[in-house]
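Chemist: Sequence:
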Amino acid sequence: MAYGESHYGTLLFSEQSEDSDPSVVPIPDISKSLPDIYHKSQNGNLKKLLDILAEQIAILNNRTEDIRAQNIVDMSTWSLSRWEQELGLSVDTSKSFDTRREMIKAKLRGIGTTTPQMIQRTASAFSGGDVSVEEVPNEYKFIVRFIGVLGIPPNMTGLIQILEEIKPAHLAYEFAYTYTFWESVKSLLWSSAANKTWNELRTYG
132 MAYGESHYGT LLFSEQSEDS DPSVVPIPDI SKSLPDIYHK SQNGNLKKLL DILAEQIAIL
192 NNRTEDIRAQ NIVDMSTWSL SRWEQELGLS VDTSKSFDTR REMIKAKLRG IGTTTPQMIQ
252 RTASAFSGGD VSVEEVPNEY KFIVRFIGVL GIPPNMTGLI QILEEIKPAH LAYEFAYTYT
312 FWESVKSLLW SSAANKTWNE LRTYG
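The numbering used here puts the first residue of the sequence shown at 132, with every later residue one more than the last.
Simulated from the structure, these hints should not be mistaken for laboratory data. Careful, some of the hints might be misleading.
As the list claims (entries may be wrong) - In silico DSS-like cross-links for lysine-lysine, where the CA-CA straight-line distance does not exceed 27 Å:
#: 1; residue 1: K226; residue 2: K236
#: 2; residue 1: K272; residue 2: K236
#: 3; residue 1: K226; residue 2: K298
#: 4; residue 1: K236; residue 2: K298
#: 5; residue 1: K298; residue 2: K272
#: 6; residue 1: K163; residue 2: K178
#: 7; residue 1: K163; residue 2: K179
Being a predicted model, the structure only gives us computed values, none of them experimental.
Generate coordinates for the entire structure from the input sequences, incorporating the hints supplied.
Modeler: Written out as structure tokens, the structure reads:
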């Protein structure tokens, strides 16, 4: 939808996203709020006036709902830059809304004293699955093990950025990924397996 266009002739804030699908508040029938005498009127100008007022009320209601949605990270669109600035994250509008939301939620989870549980919650926010954190004190490092998803989770760059911000400076870290056991692939028909890439077979299951 181009700038300046919408259902009511004005751009809703949240319409700037390809993946944003805000609930549109319907145009109210304000004639129901008028005395009966107005319902009997055949005045065309009055009807036009009521229609104009109803459209403006709908625009106001939609903008109100959209502004409320910006206070929820998972629904936020045009206010993501405000979240990022307040949390000290770089604003990169070339990234998708989902990626930026993941980084914001991870940063929010990472506020406070850094603990293995905090790192676990942060990594889970990016992977969308269970994560375990293994401490290796004698080597001054920890291992982030992705156990809830197969393969390398998306947006690892964002996760690394967040970990660098919240982890103690003296600790190193590494990632451990989970791949498919051969026993799981053996059940596949050869015709099905032949259509999959090696990486797809490694994450089959």
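Chemist: Are K236 and K298 close enough, with their CA atoms no more than 27 Å apart?
Modeler: holds (16 Å)
Chemist: Keeping to a limit of 27 Å between CA atoms, is the pair of K163 and K179 held or broken?
Modeler: holds (15 Å)
Chemist: Given the hinted pair K272 and K236, is their alpha-carbon gap at most 27 Å?
Modeler: holds (24 Å)
Chemist: Quick one, are K163 and K178 close enough, alpha carbons at most 27 Å?
Modeler: holds (12 Å)
Chemist: Tell me if the straight-line CA distance from K298 to K272 falls inside 27 Å.
Modeler: Satisfied, since the Cα-Cα distance of roughly 10 Å is no more than 27 Å.
Chemist: Does K226 pair with K236 here, judged by a C-alpha cut-off of 27 Å?
Modeler: holds (15 Å)
Chemist: When you check the alpha-carbon spacing of K226 and K298, does it fall within 27 Å?
Modeler: holds (24 Å)
When held up to the earlier numbered hints, the structure conflicts with none and fits them all.
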